[in-house]
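> In case you want the letters, here they are:
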Amino acid sequence: MESAHPYRDDGPLAGLWSRWHVGGSSLLLMLLAVALLFTCLRLDGADTSWITVGGVALFVLAAGASAGARPAPLVQWLVPPLLRISEYGLIVWLGLRSGTDALAVVYGLLAALAFHHYDIVYRLRHQSAPPPMWVRSIGGGWGLRTLLLTFASLADVFVPVAATLAVWCAMFYVAESVHSWTKVAQTERRNLAGQ
Amino acid sequence: MTSRASSRSQAAVHGRAVARAGVTGEGGQRQGAQTAVEDGAAPEGGVAQRPPTAGWQVTSTTVLVATVASSSGGPAALLPFRDGCVLGRLVDQLGRHRTQDIHVVTRPEWEEAIHEAVPGSQVHLARGVEEVFGTIARIAETEPGSVLLVKADVVMHDSALDGLLLDPRVASGILTSTSSRYHKDGTGVRLHRGRVVSAESTYHTIISPTAVFLGALKLSDDDRPALAQVARELADLCEGGLPELWEPKLAAKARSWGTGFFSRWSAQQALARELEQLDGLAPWLPDPAEIRADIAAQFRQSVLDRVEAARHDAVGLLLTGLVRSGTALNCSYLRSFFWARPLSDDEAATASLQMSAINERQVLLDSAVKASDGFFTTFFVSPYSKYLARWAARRGFTPNQVTTVSMALGIVAALAFASGSRAGLVAGAILLQVAFTTDCVDGQLARYTRTFSKLGAWLDSVFDRSKEYVVYAGLCVGAIRAGDDATIWALAGAALALQVFRHSLDFSYAAHQHQSMTEMERVPLWQADERPETLTRAWRATFGANAADDMVDDEAHEVADETTLPDETEAVAEDAAGGVPAGVAASPEGVQARSEVLRAIGRAGIRLSVLLERRSWMKWAKRSLVLPIGERFALISLTAALAGPRVTFTALLAWGSVAALYTMTGRILRSWA
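Just so you know, the sequences run in chain order B and L. Positions 0 to 194 (numbering that gives the first Met the number 0) are the ones given, in order, by the first sequence. Positions 0 to 672 (numbering that gives the first Met the number 0) are the ones given, in order, by the second sequence.
It is worth saying that the hints were derived from the structure and are not from the lab. Note that the Cβ used here is the ideal one computed from N, Cα and C, for glycine as well. Worth double-checking, as some hints may not be accurate.
[What the hints assert, rightly or not] Derived Cβ-Cβ restraints for the label pairs, each shown as a range:
{"#": "1", "chain 1": "B", "residue 1": "F150", "chain 2": "L", "residue 2": "P143", "range": "52 to 60 Å"}
{"#": "2", "chain 1": "L", "residue 1": "W390", "chain 2": "B", "residue 2": "T181", "range": "27 to 35 Å"}
{"#": "3", "chain 1": "L", "residue 1": "I357", "chain 2": "B", "residue 2": "R188", "range": "29 to 37 Å"}
{"#": "4", "chain 1": "L", "residue 1": "R613", "chain 2": "B", "residue 2": "S136", "range": "26 to 34 Å"}
{"#": "5", "chain 1": "L", "residue 1": "S255", "chain 2": "B", "residue 2": "G22", "range": "49 to 57 Å"}
[What the hints assert, rightly or not] Quick partial rundown of chain B residues pointing at chain L, CB under 7 Å, derived from the structure:
{"#": "6", "residue": "S17"}
{"#": "7", "residue": "W19"}
{"#": "8", "residue": "L73"}
{"#": "9", "residue": "W76"}
{"#": "10", "residue": "P79"}
{"#": "11", "residue": "I84"}
{"#": "12", "residue": "V91"}
{"#": "13", "residue": "L95"}
{"#": "14", "residue": "V120"}
{"#": "15", "residue": "Y121"}
{"#": "16", "residue": "P131"}
{"#": "17", "residue": "W133"}
{"#": "18", "residue": "V183"}
{"#": "19", "residue": "E187"}
{"#": "20", "residue": "R188"}
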């Protein structure tokens, strides 16, 4: 699989990353990113400090670099799932730090993101094209989203930011997807009626 | 996921087809009566009353290749079958699908007979196989739209071609079967995840074929230029004699057909010897010596007929050419429908009897059940959900309506869970199971009524996911109402994250495999064998083949799996794991040694996996281990009703983690092997 696969959901930074060729295989960079993220999250205490911010920044750099790096010969397919689990895991972790009120919001945000991540796959499968670039950019990609949420957590505004992000993402992702499928349904109906 | 329709196909099950299948259950003796009933009988089911519908993509040009001779020297396409002839029946069947432009390619001396049999079609003449290729190339270059190529000498049930023609997910593909019954009449192919990876022809052999090509090949508009190019290339190759490597292959095949016939022949010889001993006692019996000579001649003729037919098998060569040129071909399985390729009057009569013995409607219903479902779905839902699907079809429900009802039931289940009381949890658990059954019905209804649509497939997938995650939310609300604290939302979030991760593993692995398949090396057509380099892959095809991949889960299915029948389960499971290549070619020499070690580990893993499949219960245990949707929903219902939401999420996380680790390990080993 080409390393900058739509499954990655790279968002607006995709162009930047795929031009950035770093040594080492894509999967190794991804594993390094996961390790850095996990270590920093563990090191930090009950509240988000600059340690977490540093960890997330390193994660974004390493995982971003995996987009343009040499694909791992046989197991490159592990990269997109690792991106998913790190992003979702980070969101749950930050939610747990922000008090119990945050957790329902976290669930809503995860559901909105999951919708998009499934949508990418289903669109490729049944419409032979991923969702258009603008809708992938508007959600920020995993990179901008994780950075935004981390800074929000640092500034103690995680709940409102996560809630806004959830509503924002859900709105665009769902509306755009339903719109595209309506077009498919129309074509199908025309084909059935017209032939 | 599994059974529900990721694929919706719609099929126009035409009234006539169903009526015929309905009355033919009795076997041969009633044939006279049958024909009389065929056209008039009112079919019982609602399905049958639907008008023929065209699928997503209508085949615009059909080419029937009628250059094969029967044993009497005439065109095999014109052998008598039922009321008409083989070709006439085929043209009728294609007419049901509103295929518009029918071209028949035949030999000059048969022109008139063919015209007479199918007056509406365009007849092209070809003196040799190279001219057949020339004609097909011309048609592919000039006619617009998709192209369907069919050997004009096959007989099959009306529904046999439905999947190939109507399923929008088979853009380009072949009709195939994994049953060994068809080996002598078709050419072998090797399938991998519903795609044709390698194909035999009269003059080409492949390593470990897994299925048989049954003579029907569809190409989308996009792949039409590839067909034209391959046909041109073949025309050039065959011009003025075949490539030298080809002829010995046919000779070798003829020898093996001969051995096959010999075993039947010797059995009949034994019978003839017994008759000899009766000689004199039973003067009315024919002379045994005559019988022996007769049988011998018959078998000899049969082999000669096949060899002769093979020499004119242009469609098979085109398939090999297309596969080797990298055209992506999916498959549509014959399942338990009838298919035969008679080459003599006797064989045509036998085929007619055999076809009568199969109840086409029952086959249609049975084949609505997807073969690759998980344990819970297969044993606790599908056995009765297919009858619900038939009922829904009779009432005229569409699959999308059923899908929507299922989603609505899921939401009601979530609301029940959200009440937080014990009664609410129990009601929610029951409703969730009802929603799941309904969800299985929609896919089966789609397959039964052949109503495939992309929108339906999408709705089905999206509603499946939504249902599950809405239920998680309902459970959380209920738990908090019942006095649990808000951390339950974190558990739900973790369960969702894990499930998305597991699905993502499936998607990504499948995409990677498709990718590496398209990057495989191309073998030129003049070469009769697959390359020796492919031997490492052949190893996988044989060992890997038996280790069913663990993609029973949810979304992972590729096109073919979904349209597969029970009797092909085994083969499909094998296919799923089988064959090919995780882009092996590209490892640089530096890492050669390391990759040898990895490969050894991978092979050991696969061997272990094969070992664990010895018994059927082990296979089912492996399938359940990966927590497919049926098991997952059952787990949610049980734990929620008997314990509570916290237990549900803990169980989902525990089982899901084991499943994720198991799947990941298995696939990593498989990738290395």
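> Determine for every hint whether it applies to the structure shown.
A quick look at each hint next to the structure:
1. F150(B) with P143(L): 52 to 60 Å: This hint holds: roughly 56 Å between Cβ atoms.
2. W390(L) with T181(B): 27 to 35 Å: Distance hint for W390(L), T181(B) holds at roughly 30 Å.
3. I357(L) with R188(B): 29 to 37 Å: holds, 35 Å
4. R613(L) with S136(B): 26 to 34 Å: Violated: the Cβ-Cβ distance is about 52 Å, outside 26 to 34 Å.
5. S255(L) with G22(B): 49 to 57 Å: holds, 54 Å
6. S17: violated, 16 Å
7. W19: violated, 22 Å
8. L73: Result: holds, 4 Å to nearest chain L Cβ.
9. W76: holds, 4 Å
10. P79: holds, 5 Å
11. I84: Given a least distance of 4 Å, the restraint on I84(B) holds.
12. V91: Since the shortest Cβ distance to chain L is 5 Å, the answer is holds.
13. L95: Cβ of L95(B) sits 6 Å from chain L, so the hint holds.
14. V120: It holds, given that the least Cβ distance between V120(B) and chain L is near 5 Å, below 7 Å.
15. Y121: Hint holds; Y121(B) Cβ to chain L Cβ min 6 Å, cut 7 Å.
16. P131: This interface hint is violated because 17 Å lies over the 7 Å limit.
17. W133: violated, 21 Å
18. V183: Cβ of V183(B) sits 5 Å from chain L, so the hint holds.
19. E187: Status holds, d = 5 Å.
20. R188: violated, 9 Å
Consistency note: the structure conflicts with the earlier hints numbered 4, 6, 7, 16, 17, 20.
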